[in-house]
Amino acid sequence: MTKSELIEAVAEKTKMTKSSAEMVVNAVFDTMAEALEQGKGIEIRGFGSFTVRSYRAYSGRNPRTGAAVEVTPKRLPFFRVGKEMKQQVNEAPLPDKKSTPPEPHKA
Amino acid sequence: MTKADLVDGVYGKVGGFSKKEAADAVEAVFDIMKATLAKGEQVKVSGFGNFTVRHKARRTGRNPQTGAPIVIAERNVLTFKPSQVLRARLNPGRK
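Residue numbers (our numbering), protein chains in the order written: chain Z, 1 to 107; chain W, 108 to 202.
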């Protein structure tokens, strides 16, 4: 599901117009991003929570060339799955594959 | 930030809705995301990040305290990968 499919589903569920649903969905993720920018965590009951983790500088390597690179300090959002969501996902059928494997060739 | 704060934020950003309508819409967003992920389908939110259900095979782990081997059953887990846009927003001025 992409963001535009999410927007369509929200429009259908709430009987909003698609353009209203689009504004709401964008506002939801923008509000969440703003909180994270301010270093604030987000807790959505039944879904999960986001926290901001800070990482100090370290020297890493370019995995392709092996060249040493200095990685500057950074902040990353970290998602922790909520209990209810964790259980539902675990009962889910096989997750999407990146791509479906091709049918084996018949001789 | 709780869901109520999120509703306030959305209400402040989008005009033409009552607080109740904003709350219902926010609720719908998470209900739909939850239902989609519960089917094992991923949710991709451009500009924010992707939520993906991944399958983990059964493996043998160890109790770190006693060293006793334990079987970790196969399972599905939900992972979140933040988009480059969100990463950049959290790190203004970083190369």
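Keep in mind the hints are simulated off the structure, nothing from the lab. Nothing here was measured: the structure is a model prediction, and the numbers come from that model. Glycine included, each C-beta is placed from N, C-alpha and C at the ideal position. Hints should not be assumed to be uniformly reliable.
[To be verified] One side of the interface only, derived from the structure: several residues of chain W facing chain Z at Cβ under 8 Å:
#: 1; residue: 126
#: 2; residue: 130
#: 3; residue: 137
#: 4; residue: 139
#: 5; residue: 141
#: 6; residue: 151
#: 7; residue: 160
#: 8; residue: 177
#: 9; residue: 179
#: 10; residue: 194
#: 11; residue: 198
[What the hints assert, rightly or not] Derived, one-sided and incomplete: chain W residues facing chain Z with beta-carbon distance under 10 Å:
#: 12; residue: 119
#: 13; residue: 124
#: 14; residue: 140
#: 15; residue: 142
#: 16; residue: 148
#: 17; residue: 165
#: 18; residue: 166
#: 19; residue: 183
#: 20; residue: 187
#: 21; residue: 188
[As the list claims (entries may be wrong)] Residues of chain W placed beyond 10 Å of chain Z at every Cβ, according to the derived structure:
#: 22; residue: 149
#: 23; residue: 173
#: 24; residue: 176
Hints versus structure:
no.	hint	in the structure
1	126	violated (13 Å)
2	130	violated (11 Å)
3	137	holds (5 Å)
4	139	holds (5 Å)
5	141	holds (6 Å)
6	151	holds (5 Å)
7	160	holds (4 Å)
8	177	violated (18 Å)
9	179	violated (13 Å)
10	194	holds (7 Å)
11	198	holds (5 Å)
12	119	holds (8 Å)
13	124	holds (8 Å)
14	140	holds (7 Å)
15	142	holds (9 Å)
16	148	holds (6 Å)
17	165	violated (13 Å)
18	166	violated (16 Å)
19	183	holds (5 Å)
20	187	holds (3 Å)
21	188	holds (9 Å)
22	149	violated (5 Å)
23	173	holds (26 Å)
24	176	holds (22 Å)
Violated hints for the displayed structure, listed by number in ascending order: 1, 2, 8, 9, 17, 18, 22.
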